[in-house]
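Go ahead and model the full structure; you've got the sequences and the hints to work with.
2 protein chains.
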Amino acid sequence: MCVQHEKHDRLYKIRHSGAHVLAQAVLDMFPEAKLAFGPPIDNGFYYDFELPRPLIPEDLKLIQKKMKKIAAQRQKFVGRTVPIAEARNFYDQMGQVYKVDQIDKLASQGVTEVTFYENILPQTGEAKFVDLCGGGHTEHTGDIGAYKLDSIAGAYFRGDENNTMLTRIYALCFETQDELKEYEKMMAEARKRDHRKLGKDLELFAFDDEVGAGLPLWLPKGTIIAEEIENLAKRKEKEMGYSQVKTPHLAKEDLYLRSGHLPYYEEDMFPAMEMDNERYFLRAMNCPHHHKVFGATPKSYKDLPVRLAEYGTCYRFEGSGSLMGLMRVRGMSMNDAHIYCTEDQFEEEFSKVIELYMYYFKLFGIEKYQMRLSKHSDEGLGKKYLDDKEKWLESEQMVRNALEKSGVPFVEAEGEAAFYGPKIDVQIWSAIGREFTLSTNQLDFGVPARFNLTYTDADGSEKTPLCIHRAPLSTHERLIGFLIEHYAGAFPVWLAPVQVDVICVSHAFSEYGQKVVSTLESAGLRVQILDPENSLSKNVRLSETKKVPVKVILGEKEMQNEGVTVRRYGQDEQVEMSLEDFVKQIVSETKV
Amino acid sequence: MCVQHEKHDRLYKIRHSGAHVLAQAVLDMFPEAKLAFGPPIDNGFYYDFELPRPLIPEDLKLIQKKMKKIAAQRQKFVGRTVPIAEARNFYDQMGQVYKVDQIDKLASQGVTEVTFYENILPQTGEAKFVDLCGGGHTEHTGDIGAYKLDSIAGAYFRGDENNTMLTRIYALCFETQDELKEYEKMMAEARKRDHRKLGKDLELFAFDDEVGAGLPLWLPKGTIIAEEIENLAKRKEKEMGYSQVKTPHLAKEDLYLRSGHLPYYEEDMFPAMEMDNERYFLRAMNCPHHHKVFGATPKSYKDLPVRLAEYGTCYRFEGSGSLMGLMRVRGMSMNDAHIYCTEDQFEEEFSKVIELYMYYFKLFGIEKYQMRLSKHSDEGLGKKYLDDKEKWLESEQMVRNALEKSGVPFVEAEGEAAFYGPKIDVQIWSAIGREFTLSTNQLDFGVPARFNLTYTDADGSEKTPLCIHRAPLSTHERLIGFLIEHYAGAFPVWLAPVQVDVICVSHAFSEYGQKVVSTLESAGLRVQILDPENSLSKNVRLSETKKVPVKVILGEKEMQNEGVTVRRYGQDEQVEMSLEDFVKQIVSETKV
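Here the protein sequences come in this chain order: A and B.
Counting from 1 along the first sequence, just add 1353 to a position and that's the residue number in the numbering used here.
Counting from 1 along the second sequence, just add 1353 to a position and that's the residue number in the numbering used here.
I should point out that these hints are in silico values taken from the structure, not numbers from a laboratory.
Check each hint, because a few of them may be wrong.
Which copy is meant is left open, because identical chains are indistinguishable; a pair holds if it fits in one copy or across any two.
[As the list claims (entries may be wrong)] SDA-like cross-link-like pairs, simulated, lysine to any residue; straight-line CA separation at most 25 angstroms:
1) K1816 - Y1617
2) K1591 - G1877
3) K1655 - N1887
4) K1652 - V1851
5) K1705 - N1584
6) K1899 - T1650
7) K1591 - Q1881
8) K1545 - I1505
9) K1944 - T1872
10) K1538 - E1411
11) K1868 - D1656
12) K1758 - D1778
13) K1414 - A1425
14) K1900 - L1883
15) K1550 - T1477
16) K1705 - Q1867
17) K1944 - G1877
18) K1655 - K1891
19) K1550 - M1540
20) K1776 - A1499
21) K1868 - M1912
22) K1736 - N1805
23) K1742 - L1726
24) K1944 - N1584
25) K1910 - R1920
26) K1944 - E1580
27) K1899 - T1807
The structure is reproduced here in structure tokens:
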């Protein structure tokens, strides 16, 4: 059976249909194959099988050929309802144990009927293939877009390592051949830009078995990038009236019971430490600590908005199998802040947060981005969501107003909000067109009251503020992982760990080289001199390998003129200029 | 019995003798009193008793009077050796259960003889008092310096809460009356400057029951101080060729088994968290992570010295009873760095660390300080210390050379080194003369090898570097706790959370006030305008209460002249100057 999915749009149907065709082709090749699940996924689909032998790359070609043949036959996808006992019997006789298992699971949930989707040969009406499936297909097998069997992987049945290991066949699938090609090109480029590879080559970060999985060590060069980003954030936040705070990385269970993270979120947190007969948890988010900072001193309406910012490090438990470079880690430093404000102040405050996003997008050259307004659902009220429909509608409208005013592109999604209020999820696309989830902002109308946070209003009454959770620069880990791909490791001057490589064409100019280095260092630039024992071409190559944005080349002429010859990363063009002008130019590029 | 102590210097003897006189006086007043222990301590001595009734302040006066009488009699302190059985019998008959307990403990350790010290009346030879004691007294009871019974506290026998609660009488004791007075004056001033009180009044930090004991929350104003200090450290470290790194706050057990912190140091660490069937520990120190950073990329002799710095947060378990404000905490952010160098480079590197201390001492106006060279002891070789005497002598000499070259005052202490090498413990004295332990620097010739850290030498061979551990600015917690007392909360301009308070003498000048605020803010200053609804005197008082270093007062004349009237914290004197000059002056005070 295929996984149910809300989004039965055209691309979904194409991929879903493709999975059926794949299964039909595999069964044609291995009649004894046992079928498990075959859902559409981002960029394609897969299907899990138990096969009589391991697959080799040639098998994929053959299977793809068979799929082409099935497509050419334009078999119709036709659904019919079947009593569950009959369905079980059908699969049981065929020895399709995984389908039987799935039917038993459905039966145990009280399901009495299931649907079969059959691929019907139009000429004869013969059913060439049947799958237990909730539907959502194109009309016929000819309409499965442009696809390509991409890779094979092992996968446990139902993802449980106590179950049998199955063979998963992945396929890329898009509506058109052009889109498929485009995607393949992007992925080839993404592999070249893989942040794990570049992170190692450029000595940005490392993982260590004795430290632990998902816990990056930022090496000196990576730390420079992280600190530049942190300084940028702090400067912008200072301009915008934020206050920095520093809070511990753990707290007693009591804090997370109050915030509501315990017990619901416990499985995503690191396990408890017991001290003084109390349980302590590493924090998975900074907000409860910030609420405590807000509450530590009395506040008047004149103090609002209070904007508390911290590049706070959080720890979240992720299964070791799902960890991936910097993109999925267990320790992360977040560009976090919490803005406590009145309802009247909300729209302006939220708009300023959006403006800050726009500023950062422009700075990083992020041209494609989208915000999603995640709203409550009526069914979820009192369950997934605070039971106050009016408050929800009102706060969603507040966020919508702010988004519309900012002119930022956004979509709306029901039933995706946080428990305490609507949120905005931000997606960005890298220079090569790959999509990343950047961060989430939230309007929280619930938690401040749980922390008894109040301010004294002009009339002397105690009121509860709203709280905006925001993290425009995401975490160091996710943002820098993204930026490595986005810039292909060739960071702009302001972010580059080494900004200028000084290359002397021979030993004779070492002294002048040192002078250039001192001049650049005095101007606050990060500079290194390459070994003059190396040939010019070797040093140029070394600098290119390390993707240093600027090279200055020094020889007789440069020394005589107190000048430099400048070459940018990845470019052959050389420009001569005075040392003084060069310093001015590069320093101006560090000002963002 | 009195606690044994190595330092039988004059002050020790005076205080030790004072404790005997105190016990004699208490026995005279309460013949049924039971005596436990009475050691000399910093600044005086105490004695623990089981008494027939609680003491009232008047009792202390009476006891002190009795002590005076005993002192006037100049009873001689005379020791004699007694077989342990006889000693036990003696105290048993007197019902002195705590002395009997102590004798039993000694007997169980195989001791066969103990010493009694008696107070002998010179005229008659009569023993007026006897104590089980290892000795170290002045000649007679008249020679016990200047003392004052100071306070009473409850204390469990042997510090164990399962034992009886005894009454502890504390006495201050110094050689001269002047020293005693000086100390009392200092402590009265220290109470006014108590960092816990000022930290609350000035809104610098807070503790919260739901976060946990010993885990400070740095509020916005305290965070400004911490960040100024951090920026200072990073700037100095950049000048001196350090690289910043960022590493996680925890690691697998494996890392601490390798470093040797486990199992020996486990009780000082937070308890383990179990994940993926492995134990993780919050770090109690940053060095193991830094060693991993050093080891993450290959190093050549040309790369050395490698200086890795991180304001790293560590977590150490301290019993809840011993926590005290910022001075004894469970979470601390350390001005840490590790310098990996060759033996040849050591002296220069270590000297530069000492120079950095000197720079900071001067900056903070710390006039009195002392360094202690803590060395190995021969008995400890192979037990407390790495078993390589030659290496110890050599490395101690290396540190001594560096200290002598720096001209910094230092003393030497045997048997106080770390396991892996000699260290320097740094003591500083606050403006009111109170002593603080600031930090420790270590020459480590053992651990780099345990981490297989190497560099390729010029001859191609792999060598192990030395490692210097250093933290001149200690932790934020300890340093800021110290600075609050040192400055009595009145921070210099560069550190002050608010640098300038703008006070308009009436509403009429609010607009000019706003202009002054913007001008100061544009110059990067931290400034606030006080409520013009308040009277001038009220605003001046408010500013003084918050110890803001500079006030500018604005009225008609100032507005006309584009000027300001400036008043410094704690001073009545007012100076008129142009706004432009004022900005220049204050900005210059932020440059340290």
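Structure-based check of each hint:
1. For the identical chains of this complex, K1816 and Y1617 are neighbours neither inside a copy (28 angstroms) nor across copies (52 angstroms), given an alpha-carbon limit of 25 angstroms.
2. Taking the closest pair of Cα atoms, K1591 and G1877 come within 25 angstroms of each other both inside a single copy (22 angstroms) and across two copies (10 angstroms).
3. With identical chains, the CA atoms of K1655 and N1887 are at most 25 angstroms apart between copies only, with a shortest distance of 15 angstroms across copies and 64 angstroms within one.
4. Proximity of K1652 to V1851 under the C-alpha cut-off of 25 angstroms is restricted to the inter-copy arrangement: shortest distance 18 angstroms between copies versus 45 angstroms within a copy.
5. Within a single copy, K1705 and N1584 get their C-alpha atoms as close as 19 angstroms, which meets the 25 angstroms cut-off; across copies the closest is 28 angstroms, which misses it.
6. Proximity of K1899 to T1650 under the C-alpha cut-off of 25 angstroms is restricted to the inter-copy arrangement: shortest distance 14 angstroms between copies versus 50 angstroms within a copy.
7. With identical chains, the CA atoms of K1591 and Q1881 are at most 25 angstroms apart between copies only, with a shortest distance of 14 angstroms across copies and 32 angstroms within one.
8. In this homomeric assembly, K1545 and I1505 come within 25 angstroms of each other (Cα to Cα) only inside a single copy, at 21 angstroms, whereas the closest approach across copies is 73 angstroms.
9. Proximity of K1944 and T1872 under a CA criterion of 25 angstroms is satisfied in both settings, with 18 angstroms inside one chain copy and 22 angstroms between copies.
10. Only within a single protomer do K1538 and E1411 lie at most 25 angstroms apart by alpha-carbon distance; the minimum there is 23 angstroms, versus 90 angstroms between protomers.
11. For a Cα distance limit of 25 angstroms, the shortest separation of K1868 from D1656 across copies, 21 angstroms, qualifies, whereas the shortest one inside one copy, 52 angstroms, does not.
12. For the identical chains of this complex, K1758 and D1778 are intra-copy neighbours only, at 17 angstroms inside a copy versus 60 angstroms across copies, given an alpha-carbon limit of 25 angstroms.
13. For the homomeric pair K1414 and A1425, the shortest alpha-carbon distance inside one copy (17 angstroms) is at most 25 angstroms, but the shortest distance between copies (109 angstroms) is not.
14. Only within a single protomer do K1900 and L1883 lie at most 25 angstroms apart by alpha-carbon distance; the minimum there is 14 angstroms, versus 52 angstroms between protomers.
15. In this assembly of identical chains, K1550 and T1477 lie within 25 angstroms of each other by CA distance neither inside one copy nor across copies; the values are 54 angstroms within and 91 angstroms between.
16. Within a single copy, K1705 and Q1867 get their C-alpha atoms only as close as 46 angstroms, which misses the 25 angstroms cut-off; across copies the closest is 23 angstroms, which meets it.
17. With identical chains, the CA atoms of K1944 and G1877 are at most 25 angstroms apart both within one copy (11 angstroms) and between copies (16 angstroms).
18. Within a single copy, K1655 and K1891 get their C-alpha atoms only as close as 63 angstroms, which misses the 25 angstroms cut-off; across copies the closest is 19 angstroms, which meets it.
19. Only within a single protomer do K1550 and M1540 lie at most 25 angstroms apart by alpha-carbon distance; the minimum there is 15 angstroms, versus 60 angstroms between protomers.
20. In this assembly of identical chains, K1776 and A1499 lie within 25 angstroms of each other by CA distance neither inside one copy nor across copies; the values are 36 angstroms within and 69 angstroms between.
21. With identical chains, the CA atoms of K1868 and M1912 are at most 25 angstroms apart within one copy only, with a shortest distance of 10 angstroms there and 49 angstroms across copies.
22. Taking identical chains as interchangeable, the C-alpha atoms of K1736 and N1805 lie at most 25 angstroms apart only when both belong to the same chain, with a minimum of 23 angstroms there against 55 angstroms between chains.
23. Taking CA atoms no more than 25 angstroms apart as the test, K1742 paired with L1726 passes inside one copy only; the shortest distance there is 17 angstroms, against 69 angstroms between copies.
24. Proximity of K1944 and N1584 under a CA criterion of 25 angstroms is satisfied in both settings, with 12 angstroms inside one chain copy and 19 angstroms between copies.
25. Within a single copy, K1910 and R1920 get their C-alpha atoms as close as 16 angstroms, which meets the 25 angstroms cut-off; across copies the closest is 58 angstroms, which misses it.
26. Both within a single protomer and between protomers do K1944 and E1580 lie at most 25 angstroms apart by alpha-carbon distance, with minima of 15 angstroms and 21 angstroms respectively.
27. When the C-alpha separation of K1899 and T1807 is checked against a cutoff of 25 angstroms, the pair qualifies only between copies, where the shortest distance is 23 angstroms, while the shortest distance within a copy is 53 angstroms.
Of the numbered hints stated above, those contradicted by the structure are hints 1, 15, 20, listed in ascending order.
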